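**Student:** Okay, here's what each chain looks like letter by letter:
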Amino acid sequence: MFPKNAWYCAGWDHDFNMIANRLVPREIAGELVMLYRKADGQMVAMEDRCPHRQAALSLGTKEGDGIRCGYHGMLFGPDGKCREIPGQTKIPERATVRIYPVVEKDGWVWVWMGDATKVDPALIPFAVGPHEPGWVLKTDYMPVNTNYRLEIANLMDLSHLTWIHKATLGGTDAYTNAKVKSTVLERGVRNEFVVRGLPLPAFAQHLFPKGMLIDIDYHVTCTIPCTWVLHFRAYTAGTATEGPPNGQLILDTWSGQAVTPRNEDWVDYYFSWGTSVETTIRGLPETLIHGAPPAFLENKAVPEAQWKRMKKNPGGNRLRIANDADGNKTPAVLDKILAAEAAAAMAA
Amino acid sequence: MFPKNAWYCAGWDHDFNMIANRLVPREIAGELVMLYRKADGQMVAMEDRCPHRQAALSLGTKEGDGIRCGYHGMLFGPDGKCREIPGQTKIPERATVRIYPVVEKDGWVWVWMGDATKVDPALIPFAVGPHEPGWVLKTDYMPVNTNYRLEIANLMDLSHLTWIHKATLGGTDAYTNAKVKSTVLERGVRNEFVVRGLPLPAFAQHLFPKGMLIDIDYHVTCTIPCTWVLHFRAYTAGTATEGPPNGQLILDTWSGQAVTPRNEDWVDYYFSWGTSVETTIRGLPETLIHGAPPAFLENKAVPEAQWKRMKKNPGGNRLRIANDADGNKTPAVLDKILAAEAAAAMAA
Amino acid sequence: MFPKNAWYCAGWDHDFNMIANRLVPREIAGELVMLYRKADGQMVAMEDRCPHRQAALSLGTKEGDGIRCGYHGMLFGPDGKCREIPGQTKIPERATVRIYPVVEKDGWVWVWMGDATKVDPALIPFAVGPHEPGWVLKTDYMPVNTNYRLEIANLMDLSHLTWIHKATLGGTDAYTNAKVKSTVLERGVRNEFVVRGLPLPAFAQHLFPKGMLIDIDYHVTCTIPCTWVLHFRAYTAGTATEGPPNGQLILDTWSGQAVTPRNEDWVDYYFSWGTSVETTIRGLPETLIHGAPPAFLENKAVPEAQWKRMKKNPGGNRLRIANDADGNKTPAVLDKILAAEAAAAMAA
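Protein chains in written order, with our numbering: chain Z, 1 to 348; chain X, 1 to 348; chain W, 1 to 348.
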């Protein structure tokens, strides 16, 4: 089950280039969508299925700003309306393909999978993206064989930093014990917290003075259905025990992550990570994104094994623990949104 | 659903050689069949399943003209009757495996999957094959992950030449607009038509004078369940506007194609293509068959994507267009034959 | 369906080493189990599923003799009881994972999948293993895509030596015609028989005088659910026509084999083979185990093809033959044990 009236990330903007016949097929929230750019660079997101014989339009060709089906040559405009049916002059009213609202923002391409009359760009989460002046962010991608609900539970679950990423991000139980200011939003959850006096993560220790300790100020927002934006600022360990760290800012970083469900079993996981130009060290953003894959792979291995077990034991016993509070919040907001959509569908 | 009283292509004759234990397993119309040659070169098509413990006879060994099961050593003659059961002298009447009628013709091996009393070699489609004196035809093969019904609809759908094979076979909308003399046969469809004043297909243009135009006289026959034979003759562009082209014959070619269903999801696609010796250019038949794979791969990609979408949207809306007439004819004959077989089964 | 109150082989003892985080995941009789060694070398077999969120414990880390879940850091002792839940001090009673009884014997690791109060080490089959003084046995492993019932039927089916292993183990119809003293045990079957005047198997003929004939004294025991132990002694062909061979002992060998079901479709097949030090030839045990894989692969190909056919034809006709007697005995004991467990479950 996926919310329909919502934005889903379909990839990074550079995934969609202007090569003549570059048509990019995706599966998003259970539907087959094909994306491309018009001559003016604007994106189009079109149902990837000809209404005639269900051929894949992504096997067709771009013609002007439209798409020519590769099977019988029907031509569809970027508005989804059929312009030509070879062999006949009359174009029936219902010869259309669905067009999905699509927006580019912060380096991401977003597709609205629901009712086009309810489209709301204000619902797109804020992020510092890879093209932001003053910032150096790198991007990457991985497919994950799990249900997206397990990914979003994982991402907002602070305690997971301690354990899943123990070896890679250097988690300590500071995360488990952090005092989190957690705010449940209309369509998401925002967490703010500071961890103090931590060693640097293993993969970055060689870049800073030996034994250096840091304070980190975290701002994390998860937006339903499946986006997660992290702003974290690292400071030399200071003396403040409450409020923002009072050491010297040594690293200002953003990470944007989207875990778009293809269907119930697979997620396309798009992620960025990087630093401000002011606080960067030459080569550090590459270290983050290339040092990060082991951490991101931990975000792959764990939810994949969970999903395998959940399918094997659908009624499997689930022990509740105190630290569940965080991990449960985003699934709860997801369920609220799903219920509201179901109720609206019943009423309609 | 597959017609049973019908010939299915099991491969090219050279797929079945005389290497000592060469037993070739196939899945045809949902049944597991094993094929081999006897000492005199005659083909045998035998159920690939021992009646004892369902072992695969294709894992056994040839012994004379029979097959020794590799599990408990039961020996079956080429008539399917058991000759030996190690450990006992009595051979029960029902110790048999099914033998399927099998015929070689035009380089193809044909298996009759239905009632052996109804076998009719006259139902094997006529083709010029790779061994025909005066002709130089090459053969190839590919598996396709689709339902055979989509392949046969595709093959008799002339408009598909325009679009699917645009880049490879140089289709133009001459095909979409061709006046076709279409004849629905007892067990198939025959189409005859001429297209005039066409440029040569891209992959062959360098072999002929620059800018040369041609007329092509097509005779195409699809035989249910799944064979498609094309005879096409290319002429220098003439002045005739009706009837056969009146230019000079520059290429006389045949292509035989069989899209044998393994089951509902997979097709074994066997194809040949080549020219008469008189009109060939040295190396041209190789150009056709090796230049053709991109075109044949188009016959793979499109029906595979369709089948994926049809399974995802079984009740998916299907727009009808004027050009459907061609593509619908062979599925209609197929349905008629399936209905007749079902009615006969009910009556029996 | 698998007997629960039974020992299943989880692998060779050397599969479970002391590398820091060596946690070995297995699927046994439908359940996910994770195995490791404690600091003292003792084995632990633990349910591979955290009771909290169904994370895989095999993705966690060893901590002392316990396991720290890699997701939220819950720590479980080797007794399955939770020792720590990060973020809280109270440990609920039901925060436990299942511990399976586990025993090492003859180089094998055995796990008891049923009621721990009924555990009975006496049910572990006797074998000479690879660490036995005076013996040189080698081990190997292969996965098989079949139902374990087909493997155990195969292994106790003497006639299969004649046919399946014709080319590799040099079977002759001596096996089909052997007079077998067959004893049905409480939980298995034991077969004893002598075959006389055989040529050596092809892969070993070059090691002995040309044309040499041998008598072989076989003792084979299959223990339900899935273990098969072979003791075979080869003698120069003697004059005895009954009772043990009276030639000279030239080879005293043991093979232990376990075909552990993962689930209904897959088997983990662990096997050993080797000779006594007294009768060995330097390099012979390697010849057996490396010469054996073709034979073991025959034990893979045949049951895999059978299983494919049985699933395709669940009600498929099965001809009975005289030689079935052997192959049917172990499945019959298996069925008896399954029925007894089902009856006990009903009564409980």
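Any given hint could be a false lead.
Copies of the same chain are indistinguishable here, so a pair counts whether it falls within one copy or spans any two.
Taking lysine-lysine and the DSSO-like style, the derived pairs with C-alpha atoms no more than 27 Å apart in a straight line are [said to hold, decoys possible]:
#, residue 1, residue 2
1, K4, K311
2, K308, K4
3, K105, K38
4, K336, K210
Treat the hints as calculated values from the structure; they're not laboratory data.
Just so you know, these numbers come straight off a predicted model, no measurement behind them.
**Student:** None of the hints should be skipped; say for each whether it holds.
**Tutor:** For each hint, the structure was consulted:
In this homomeric assembly, K4 and K311 come within 27 Å of each other (Cα to Cα) both inside a single copy, at 24 Å, and across copies, at 22 Å. Taking the closest pair of Cα atoms, K308 and K4 come within 27 Å of each other both inside a single copy (26 Å) and across two copies (22 Å). In this assembly of identical chains, the alpha carbons of K105 and K38 lie at most 27 Å apart only when taken from the same copy (17 Å versus 53 Å across copies). Taking the shortest Cα distances, K336 and K210 never come within 27 Å of each other, neither inside one copy (48 Å) nor across copies (68 Å).
Hint 4 alone, counting from the list given before, is not met by this structure.
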